[in-house]
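So the protein sequences, as listed, match chains A and B. Here the first sequence stands for residues 1 to 255, where the numbers follow my numbering. Here the second sequence stands for residues 1001 to 1472, where the numbers follow my numbering.
A couple of the hints might just be wrong.
[As the list claims (entries may be wrong)] Just a sample of chain B residues kept apart from chain A, beta carbon distances all over 12 Å, derived:
| no. | residue |
| --- | --- |
| 1 | Ala1013 |
| 2 | Gln1030 |
| 3 | Gly1044 |
| 4 | His1102 |
| 5 | Ala1266 |
| 6 | Leu1409 |
| 7 | Val1449 |
[As the list claims (entries may be wrong)] Stretch-level coverage of chain A by chain B, calculated; a stretch enters the list once three of its residues show a Cβ under 8 Å from a Cβ in chain B:
| no. | segment |
| --- | --- |
| 8 | 44-56 |
| 9 | 72-79 |
FYI, nobody ran anything at the bench for these hints, they're computed from the structure. Just so it is clear, the structure is predicted and the values come from calculations on it, not from any experiment. Beta carbons are placed, not taken as given, at the ideal position from N, Cα and C, and that holds for glycine.
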Amino acid sequence: MSDPSPPSVSLFVTCLADLIRPSVAFASIRLLEQAGCIVDVPVQQTCCGQPGYNSGDYESTVPIAKKTIALFEHAQFVVAPSGSCAGMLTEHYPKLLEGEWQERAIALAEKTYELTSFLADVVKLDKAPAILTQMPTVTYHDSCAGLRELGIKEQPRKLLRELCEVDIKEMQQADVCCGFGGTFCAKMPDISGKMVDDKLRDAVATGAGMITGGDLGCLLNIAGRARREGIDIEVRHVAELLSGDLYSPAIGEGE
Amino acid sequence: MELQSQHFREKAADALADSAAVAQRDKIAQFTPIIRDAAMQEFGSFEALRKHIKRIRQHSLDNLDYYLARFELEATNNGNQVHYADTPDEMNSIVLDICQQHGAHRVAKGKSMVTEETALNDYLQRGGLEVVETDLGEYIIQQAGETPSHIVAPALHKSKQEIRELFLEKHALGERALETTEDLVDEARSVLRETFLKADVGIIGSNALIAENGYSMLVTNEGNGDLCANLPSVLIICTTLDRILPRGEDATAMQRLLARSTTGQAQTSYTSFYSGPRREGELDGPLETHIVLLDNQRTDILASDYKEMLQCIRCGTCLNHCPVFAATGGHSYGWVYSGPMGSILTPLLTSLETSEALPNACTSCGRCGEVCPADIPLPDLLRDLRHEQYQQKMTAPRWRVGLKLHAWLAVRPSLYQFLTAMLTTVLHRLGRKKGSFSQLPFAAGWTSVRDFPAPQSGTFMQQYKARTKADE
């Protein structure tokens, strides 16, 4: 009997990885390939439409959702290095759309995954692409959409521990939002600032040298506030850690 | 209570500037989810029971006309007088009329958010009555001339020291230490005992109206509701018509999650069922009982897309789990209800425009929806309110323009990628050395509290396309 054909994955890059931190998307490709997947990147993709959707502009989000569905629905699997973007595709496109498009949204939702849950639960990655000898102690920030919409909690921790032998120090109130909230952080900066201060306080209290997590939105917020306050803690996306990429400057760090 | 929700942002900024209050709120925000989680873990079947409660609540609301008629019939047969009030003013005037018919001077009141909604106390006081709140938290804020900061724990914002100073000032009881919590509670108890004994009318709220027997259920931890209900000769129950449940067992099913959700208790200290006035041969209880059922927009909500909000059992758990509520406190919301449920109810009961900030005071973190014992999709309802605001052009013009432009570009990949590549190239060159920006002209909201991390060199799409080309 011949080996089954390798899983084929279309990467949903996410706009934040595309624009601010491409290393996250390249790390995702390395991890998926390490897991034996054939990865393609549909180059017509842009953004999942969350900024408008969460701000109440449902009408403008509909064409974005349809475009994304049309672009990705032929994939065997769709994987995004973000719980909130994956959640937008799986939880919110079906709510937003109606009729035939809703059916297509549900079909897409059934094969769409957040990166760490795909690696841990579906393709069962058992070896990291590169192992770093000096892995820092990290604390893991659970992003809200990943945690509550997709149930992602153990998967990234399991991968970090088992594949990279990373020591994870859990922070207090790990299930509380970091204050990013998409446009919320710019609409209500004072409240958002207080929330991210609490997150940083709990992260620093663990003694870990690095905060990692699965969503760039939260990580940009946390890193940005750490820089503003002069708090010395590295912030990196979990895909970078898992793929062994600690060479590029951490989020918000200079070259 | 006067609507102040248009000042949410200013009130929140003030709340965040008070460091002692911030520290107290932080402590409470850490503590309340822990006791709730522990109670649910011990209980074991939260998900199953909340699905059950949701079904009961939906069924009751879908058949509200039937169950209300049944409740009215049973309650009337038990000797109660049932009144309907469309508006807050109607409820207030019905209550004042009853008090005046009995020549009442003093009213002892149990905790009731509905009467906060209608500002009943002010109304009765203007009518010449003396009204005393008897729930300890409500009593404290009444003495302080404040409003509730939490629907279940109205004086949550007050420290022990503040309460001590308040009592020393308000109670003419001479020199005393009043150092411990027990001292404070004992003093309030002895003062309130007089109130119960002197009151002509008792007013309480209701957690559930039971259609099959016409009973009204009330849960308290202090027993003050029972004293309000049983000592004065007239009892008035003020509630809203959406509290209706078909059967007694539905009310007790709800009770199983209510206290666990809020205080982590398996059961409140008192769960009382009021059937009606004193019957022949009975030694105590009120001689006359009234049940006033307020609508105030509930039937409109029932017919709207926000119907699920009526499933709310007023446990306050969404407040306890909301990080925005924890940061700002309940008073910032500017009306009776606060936290996620308040950010939905206030616009629905008052004005979406005046309370514009409330549905936006949400990070969509989903924690409220996760713990809601009535399984209300609170984050969805909050987003739907933002949708309505967007449609009615209440969203700030600069946001509307920005979001429209983003959405327009997002379906034009070539232009989107060209422009984003240009923008990130500039930002990368300017920011690569320092790694982040402390100020950016188009992201003032972001950079007012945090730096903006500089992009890496070249967008992913630029780099990926270049690599694929090189491979070919």
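Okay, which hints does this one fail, numbers in order? 1, 2, 6, 7 and 9
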